[in-house]
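Enquirer: Single-letter residue listing:
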Amino acid sequence: MSKKRLNLLPVWAAISAVIIIAGIVLMALLGFNEALDRPESKTFDVYYNVVVDLSEDRKSELATYCEDAFADAGISFTDKQTLEGQTDPVSTGQGSFSSTGNDFLLRYTFSADVSDESLAAAKAAVEASIAGNEGFALPAETYVSFDTISLQPMNEAMWRGAVAVAVAAVVALIYIAIRFGMGCALTGLVACVNDAFLTLSVFAIARIPVYAFAPMLYAAIAAAVSAVYWLIRCMKLRDDAKDPTAGVLSADEAVANACAATDKLVWLAAGILLAVVAVCAACTAMTGATFIFAGALIAVAAGLYSSMLLAPALHVKVKAHFDRMKKKNARYEGKKKSAKADAEA
Amino acid sequence: MGKKKSVVLLVIYTLLIAVLCFICTVSFSYGTDQLYTFSSVMRMMEKDADLGLAYGANADAGAYLGGGYSAVYYPEGVISAREYADNLDGMTDEEQADYAANYVRYPDENGSVYLEKGVACNEDGTVMSSFEEAFSSALETVTQRFARLRVDGARVEAVDGCMIRVFLPAMMDSEYTAISVFAYTGELRITYGSDEASATALFTPRAGETVADYVEAVNSRASGETGYVEFVFTDKGREALASATSGAAETAVTLYFYVGDSLVLNLSVNEAYDQNTLYISGSYTPETANTVATLFSTALSGTEDDLTLTPSDAYFHHALYGENTVLMLYIAFGVFFVAMMAFFFIRYHRLGFVHLYTYLLFLFAMILCGWSIPFLYLSVETFLAFMLASVLLCVSDAVAFECARKEFALGKTMTSSVKTGYKKCFWKLFDLHIVVAVIGFLVYAIALTSLQTAAFVLGLGAAFSGIATLLVNRFGWAVMMGTSKKPGKFCNFKREEVEDE
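Here the protein sequences line up with chains A and V, keeping their order. 29 is the number of the first residue of the first sequence in the working numbering; add one for each residue after it. 244 is the number of the first residue of the second sequence in the working numbering; add one for each residue after it.
Worth flagging that the hints you see were computed from the coordinates, not collected in a lab. Idealized CB from N, CA, C, for every residue including glycine. Some hints could be false.
[Claimed, not checked] Among chain V residues calculated to face chain A with C-beta under 8 Å, some are:
#1 ASN567
#2 ALA575
#3 VAL638
#4 VAL681
#5 LEU685
#6 ALA697
[As the list claims (entries may be wrong)] Straight line, CA to CA, 27 Å or less: simulated DSS-like cross-link-like pairs of lysine-lysine:
#7 A/LYS270 - V/LYS246
#8 V/LYS737 - A/LYS292
#9 V/LYS246 - V/LYS732
#10 V/LYS671 - V/LYS728
#11 A/LYS264 - V/LYS655
#12 A/LYS292 - V/LYS649
#13 A/LYS31 - A/LYS292
#14 V/LYS649 - A/LYS270
#15 A/LYS354 - A/LYS31
[Stated by the list, open to error] Covered, in the sense of this in silico footprint (three residues per stretch, anywhere, with C-beta under 8 Å from a C-beta of chain A), are these stretches of chain V:
#16 366–376
#17 623–632
Chain A on its own, in the form it takes in the complex (with noise of 0.2 Å):
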C-alpha cells in the first residue's frame, strides 16, 4: 500500500481537482450555507408590557397561544427567544443600555420560505386568543407582528481571512524550504493550499451549516495542520538524506521510507487531534458551539488526506526533479573543475 499510494499521483490530484474545482462553482455561485447566521428569515414578535401585571402564567400563556397557533397553520419555528426591552437609545446620554424592566419581546424565528399567509393566520389566531382572554386586561398592551428579515453581509472579515491563510503558509513554507529544502517547501504549499480548498469545498458541496466567519477558520486549521503532518515528513526524508546510503536510493523508494517510518505517528497525531476536537463537540452538544467544533473535524481529516496520499506521490515527482537538477549541477560543477584543474596543469 505504501508504494502503491505514491504511484497513484493522477488518482489523488483527480480526486482534489473534482471536489475542489466543484466546490468553487458552488462558492462562487451559491457561498457557503451559512443558515446558522440566519441570513435570510422571518420573525414573528409578540411585544407585551409588564406594567399591567402580566404575570408568569400569562406569559407562559402567551407562548402557547403562539405555538398553538403556529402549529394550526402548519408552520414550525426555528428559534424562539424572549427579549428584555431596553431604555430608548436617543433618551439618555449614557454609554450603556439598562433595562426598562417592563417591556419585553416574545421572537420567533421561520425559516425565508414559510407563506406570510401562514404567518398571518398565526397572528390572526394569537390575537384573538389574547382578546378572548380576560386575563390580558388591556390588550392594547400585547402587539403581534412579522416581519422579513435580510443579513447584511460584512465580507471584510472573509477576504482579509483568506489573505491571511494564503500568506501564512507561505511564510511558513519558505520556512520550511530554509530548513528542508525547495522540494519540501512546494510539496508542502501544495499541501497545504489543497487542504484549504478541499476543506472549504468540502462545505460549499456538502452544503454544511456554518457561523459567517467560520470557513476562514476552517481553511486557517486545515493549512497548519496540514504544515505540521508535511513537517513530519520533511523530518524523516532530512534525516534519511544524511544516510551515506541515501544517494543509491530513487525519489520514490526515499519518499516510500519516509512516509512508512513516520505514517504511524502522523495517523496518531490526525488521531489525538480528531479525538480533541470531537470531545469538544460531543461535550458541547446541547449548545451552539458544537457546529465550530464539528465543522473543524472536517479541516483536520483533509489534512490527513493530503498527507498520507496527495503530498507523498507529489512529492516523489518533486524530489525525483530536484535530484535531477542535483545531479546535472554536480556534473557541471565537476566539469568545470576538471577544465579548471586541466589549464592550471
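Since chain A is already given, all that's left is putting chain V on it; use the hints.
Expert: Relative to the frame of chain A, chain V by itself:
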C-alpha cells in the same frame, strides 16, 4: 543534580504551580456578610458574548449572561404599527381620520409598519423609488459602520425592506453609544463660532466640491486608556481651519462637528491652529474614539439628502450559543486533561508528573495572557486554538520522552539518555513550533475579529509550548529525577535485552 537540591527545587516548583493554580482558578467571597470577593483570573478573563457568562472583570455571576443588544432604525416616514396605534389612542375620531389618511400599512394589512404618504410612499401606497434608493444607501452606510467596528458578532439586517435592525454583542463598554450615533446620517459638517446657534460653516465648498475636498480622513488613535479622534485635513481644509482659529488667542473659538443635523462633538480652541492633523480626545476611550471616527469617516461621503434614521425598539438578546456553553467548554477541557494524564502516567509512570507540571505551567501562562492581553477573550474559536496548542505540547513532550526512552534502551545512563534524546529531537520540535507559531501570528496580523484572536492564541500557544517542551520539561525532568534512586523505574524506561550468543 544532588538529591537535596532536587527536593528544594521541586518544593519551590510545586509551590509556584500551587500559587498559580490558586490565582487562576479559585474565586471566593470573604469578610462580613461576604462583602468582598476574590476573583480568579479565569473569572476575570473576558468572555465572548456568544458563550453566555458574565462579561468583564466586574460582572458578577448572574449580572447578565453574555448576549447583546439590538435596536431598530426607523427611516423618516416609517413608523411601527405599535407607535401608529399609540398615536391614534389620544386623538378624536376626526383627528384619527386625518392621521390615518396620511399613512399606509406596509407591506400589506398585516404589516408591522406604516409608511407616510409623500415621504416614503405614493398616494396609491406603493413605495417611492426615491425612498428605496435612499434606504439602500442608508443601509449600506450603516452596514459599513458596523463592519468597521470590527466587533465579533455585530449584525445589520434589513427588515421588510424599509427598516434596519442592528445588533451588537455585549462585549463593548458602550454599545449604546455605537448604536445611537451610527443612526446619524448626512454629511460631515464643521462650524465655528462663540456659540452653536451663531456658528458659521468652516468650509465653503464650491460647486462640485464636497467635504472630502477639505477633510482627507478621520481615524482613531489610542494611547493607553485614552482614545483620540484624528482629523486629517487637506491643504484647503488646513487653510480654512487656520483662518477660523486665527483670532482664537484673543477670543476662544468653538468648533462644532456635526453629522447631518446631529452635533457629535465640540472643541474649544484657544490659539491659532495651522496644521493638517487635529487630534481630539475629550473623554474618549479607544473604543468610543473608534466609534466616533468611524461615524465621521463614513460621513465624509454623506449628502444632505441622506435618509434620516431614528433608533428605537432596543432589546437585550441572550447568548447565541446558549447559557451553559462556558461550563461545557470546561467539561471538554476536563475530559481532555484526564485522558492526557492517564496516557502519560500509564506509559511513563512518575515521569507523568514532569509532563503534568509542564502542562500546568503552560496552561496558567495561557490563562494569564488571556486575561492580561486586552484583545484576547475566551470564545469557542480561542478555546479550539488553545486545544490545538495543547495537543502540540502533549505530542512534543511524548516525542522527547520517546527519544530518551530509545537512548536508555541502548544502555546509556539516564542523564546521557535525556541529553542525547533532547539533542536528537530539539531541532525537530523547534521547527514544528516555529511553523505553527509563524502561521498563527501571521494570520493574527492580517485577519479580523474571531479568526484574528484564535490565530493569536494558536501562535502564543505554539510559542509557550515550544518553551515548555524544550526548556521547562527538561528542567522538571532533571529536578524530579534527582529525587529518585532508580531513574529507569521512575520513567518506566527499560533496557533492551540482548541474548548471549
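Enquirer: Confirm or reject each hint.
Expert: Against the structure, the hints:
1. ASN567: holds, 7 Å
2. ALA575: holds, 4 Å
3. VAL638: Holds. Min distance 6 Å.
4. VAL681: holds, 5 Å
5. LEU685: V/LEU685 check passes; min Cβ-Cβ to chain A is 4 Å, inside 8 Å.
6. ALA697: Holds, because the Cβ-Cβ distance from V/ALA697 to chain A comes to roughly 6 Å (cut-off 8 Å).
7. A/LYS270 - V/LYS246: Violated, at roughly 40 Å.
8. V/LYS737 - A/LYS292: OK: V/LYS737 and A/LYS292 at ~22 Å, within 27 Å.
9. V/LYS246 - V/LYS732: Since the Cα atoms of V/LYS246 and V/LYS732 sit roughly 17 Å apart, the hinted pair holds (cutoff 27 Å).
10. V/LYS671 - V/LYS728: Given that 27 Å is the threshold and the Cα spacing comes to 31 Å, the pair is violated.
11. A/LYS264 - V/LYS655: holds, 24 Å
12. A/LYS292 - V/LYS649: holds, 17 Å
13. A/LYS31 - A/LYS292: With a Cα-Cα distance of about 16 Å, the restraint between A/LYS31 and A/LYS292 holds, given a limit of 27 Å.
14. V/LYS649 - A/LYS270: holds, 20 Å
15. A/LYS354 - A/LYS31: holds, 24 Å
16. 366–376: This one is violated; 0 residues, fewer than the three required, reach chain A with a Cβ under 8 Å.
17. 623–632: Answer holds; 6 residues pass the 8 Å Cβ test.
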